[in-house]
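On the provided structure of chain X, position chain B as indicated by the hints.
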Amino acid sequence: MERPLTKNIRPGEEPLSLEAYVRMGGYEAVRKALREMTPDDVVKMVTESNLRGRGGAGFPTGRKWSLAPKDDRRPRYFVVNADEMEPGAFKDRMLLEGNPHQLIEGIVVSAFATHANVAFIFLRAEYTLAARRLERAIAEAYAKGYLGRSIVESDFDLALHLHTGAGRYICGEETALLTALEGNRAIPRAKPPYPQTSGLWGKPTIINNVETVVNVPHIINRGAEWFRGLSRGSDGGTKIYGLSGHVKHPGSWELPMGTTIREILEEHGGGMREGYSFRALLPGGASTEFLLEEHLDVAMDFQSVEEVGSRLGTGTIIVLDGQTCPVGMLHNLEHFFARESCGWCTPCRDGLPWTERILAAFEEGEGEPGDLEILAMHTQFLGPGKTFCALAPGAMEPLKSGLRYFRKDFERHITEKRCPWR
Amino acid sequence: MLSFDENKTISKLADRYEKKRGACVEALKMVQRWRGWISDEDLNDVARCLDMSADELDGVATFYNLIFRHPVGWHTILICDSVSCWIMGCSALRDHLEKELHLKLGETTADGRFTLLPTACLGACDHAPVIMIDGDLHGDLSPGKLSEALASYR
Chain X
111 MERPLTKNIR PGEEPLSLEA YVRMGGYEAV RKALREMTPD DVVKMVTESN
161 LRGRGGAGFP TGRKWSLAPK DDRRPRYFVV NADEMEPGAF KDRMLLEGNP
211 HQLIEGIVVS AFATHANVAF IFLRAEYTLA ARRLERAIAE AYAKGYLGRS
261 IVESDFDLAL HLHTGAGRYI CGEETALLTA LEGNRAIPRA KPPYPQTSGL
311 WGKPTIINNV ETVVNVPHII NRGAEWFRGL SRGSDGGTKI YGLSGHVKHP
361 GSWELPMGTT IREILEEHGG GMREGYSFRA LLPGGASTEF LLEEHLDVAM
411 DFQSVEEVGS RLGTGTIIVL DGQTCPVGML HNLEHFFARE SCGWCTPCRD
461 GLPWTERILA AFEEGEGEPG DLEILAMHTQ FLGPGKTFCA LAPGAMEPLK
511 SGLRYFRKDF ERHITEKRCP WR
Chain B
0 MLSFDENKTI SKLADRYEKK RGACVEALKM VQRWRGWISD EDLNDVARCL
50 DMSADELDGV ATFYNLIFRH PVGWHTILIC DSVSCWIMGC SALRDHLEKE
100 LHLKLGETTA DGRFTLLPTA CLGACDHAPV IMIDGDLHGD LSPGKLSEAL
150 ASYR
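Residue numbers (my numbering), protein chains in the order written: chain X, 111 to 532; chain B, 0 to 153.
Note that these hints are calculated values from the structure, not bench results. Since the structure is predicted, the reported quantities are computational estimates derived from the model, not experimental observations. Treat the hints loosely; a few may be bogus.
To be verified - Capping the alpha-carbon separation at 30 Å, the derived lysine-lysine pairs in DSBU-like fashion look like this: (1) Lys254(X) - Lys7(B); (2) Lys142(X) - Lys313(X); (3) Lys313(X) - Lys301(X); (4) Lys7(B) - Lys19(B); (5) Lys19(B) - Lys180(X); (6) Lys18(B) - Lys180(X).
What the hints assert, rightly or not - Some but not every residue of chain X turned toward chain B, in silico, with C-beta under 10 Å: (7) Pro185; (8) Val228; (9) Gly275; (10) Lys313; (11) Leu353; (12) Gly361; (13) His445; (14) Cys452.
Unchecked claim - Some chain B residues flagged as far from chain X (calculated, every beta-carbon gap over 10 Å): (15) Arg34; (16) Ser52; (17) Val71; (18) Gly72; (19) Ala91; (20) Arg93; (21) Gly143; (22) Ser151.
Idealized CB from N, CA, C, for every residue including glycine.
Only chain X is shown next, with the shape it has when bound in the complex (with noise of 0.2 Å):
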């Protein structure tokens, strides 16, 4: 089983320098790319790859790059977004520490495909780590020619920035985080027009996250029928898998895209820890619906997923235990989205409070029946197409899910007018 993106990632150890990067065939693809190949061929093998975006949404990676305008000769971005900020979401950390200089290279590569001379790489502030190991790689990156003026001494030039966060979780909303980038506060914008013709400071700018652009250059270097053949289904690719909770051994891996979830959480994961029985799971960060035991033996991908009524979002599995309280687990989650709104959009900024209230209510013992209809009408009223942003849209599906898998456990906070699980 090949993982190109991890294979040269050692957990604990310093990342490899660029020359140890070079020596395992590092920087390839940019001269491949820059020497061999037109901005169109990139985006060509790039889109027959049927590489989907990695941050959450899967929109493919191909089709985003050939919306940015071809007649527009205004100056363009690429961004990356690498405000990894998703509660359960840790798998593009490993990039950024593992292998910085990965990234880099997935950078001027696509940077050159869509046509862009500035790059941003946009972290959040509390990857400290990831900051100092990117700061040195991009220095050394520059110094031997891999950025900056005519790249591999082709005529592409491109200035690659680190830009870091502050805390807050709305920056990884994508337009939230060019209005963040431009120095404003982070507030999300209304799309049309979407960033790949009006992104930062108006510019055509396309956005994607660490893990989607790692990917490129291996696509570049091995075909894009190479890239197809590593997944389990029709989604190109590998797929870096986490598992957080009372399991085992928690942690990450890269696996074939499409890997059920008994195999995570059973063979990687080690099943759940003595004394733990297994309840049901978010698959792919907080703001995914509920999957059950009956779920398992579902392919981790984005059709697969969708089709049992959840996303692959992250691809981060949280484990819930049958000794956890579920109320209390959504009143953790509804808690998190509450506090990070950041209050633009009116349903967004009252309905999520609300919700929190009302779980609160549940777990202090003070729940009424009539709340369960509250907080069912509050899904339907902060769904999608009713605020801004995905916030609270995505705030939504575990309650969403909650509600229909733990009507019971709702039920007996009420009858028992306390946390049954206290």
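Okay, now just chain B, sitting in the frame of chain X:
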């Protein structure tokens, strides 16, 4: 007043962006690194460097969790209270910290040494529960291990 070096660094940062204000968060963090927090005077100085009004910059500064417009302790402790850490027992860690440091979430110890703040997911869910002290991550914590980690910052 900003030092010569601070002014120079802010100007250099601002060059990366099409408009200077793009550098405002990085500039505020740089100033905060040495002073601990952003006073009104610092805010005015940074705003002037970046051609922003102080009010505009305050609007940005107050948006973020990690830019402090009030004094904080020498060491800031960020306790992750997001879902994986919650499942793995971050509430017990918070109770332990509050008891050991004699403070509540959001407060600073009487000796000005520690400030305790909640934070969104620190992205280390495989090592939950985790905390971050001054940018250093501490994972797989129990109340006992937490006391050990804390000791090196006293």
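Close enough to count: is the Cβ of Lys313(X) nearer than 10 Å to one in chain B? Where the cut-off is 10 Å and the nearest Cβ of chain B is about 8 Å from Lys313(X), the hint holds.
Restraint: Gly361(X) near chain B, CB-CB cut 10 Å. Satisfied or not? The hint holds - Gly361(X) has a Cβ within 10 Å of chain B, the shortest such distance being about 5 Å.
Hinted pair, alpha-carbon criterion (30 Å max): Lys313(X), Lys301(X). Please report holds or violated. Distance ~15 Å between Lys313(X) and Lys301(X) Cα, so the pair holds.
For Ala91(B), is the shortest beta carbon distance to chain X beyond 10 Å? 13 Å, holds
Measure nothing beyond the straight line between the CA atoms of Lys142(X) and Lys313(X); if it is 30 Å or shorter, mark the hint as holding. The hint holds at about 28 Å.
Given the hinted pair Lys7(B) and Lys19(B), is their Cα-Cα distance within 30 Å? 13 Å, holds
Least C-beta distance between Ser151(B) and chain X, which was stated to exceed 10 Å: With a cut-off of 10 Å, Ser151(B) remains clear of chain X, as the shortest Cβ separation is near 17 Å.
Are all C-beta atoms of chain X more than 10 Å from that of Gly143(B)? Consistent with the label, Gly143(B) stays out of reach of chain X, its closest Cβ about 19 Å off (over 10 Å).
Less than 10 Å between beta-carbons is the criterion; does His445(X) satisfy it with respect to chain B? 8 Å, holds
Reported absence of Ser52(B) from the contact zone with chain X (all CB gaps over 10 Å): 12 Å, holds
Does the CB of Pro185(X) sit less than 10 Å away from some CB of chain B? It holds, given that the least Cβ distance between Pro185(X) and chain B is near 8 Å, below 10 Å.
Per-residue hint verdict: Leu353(X), partner chain B, C-beta under 10 Å: 7 Å, holds
Of the numbered hints given earlier, the model fails none.
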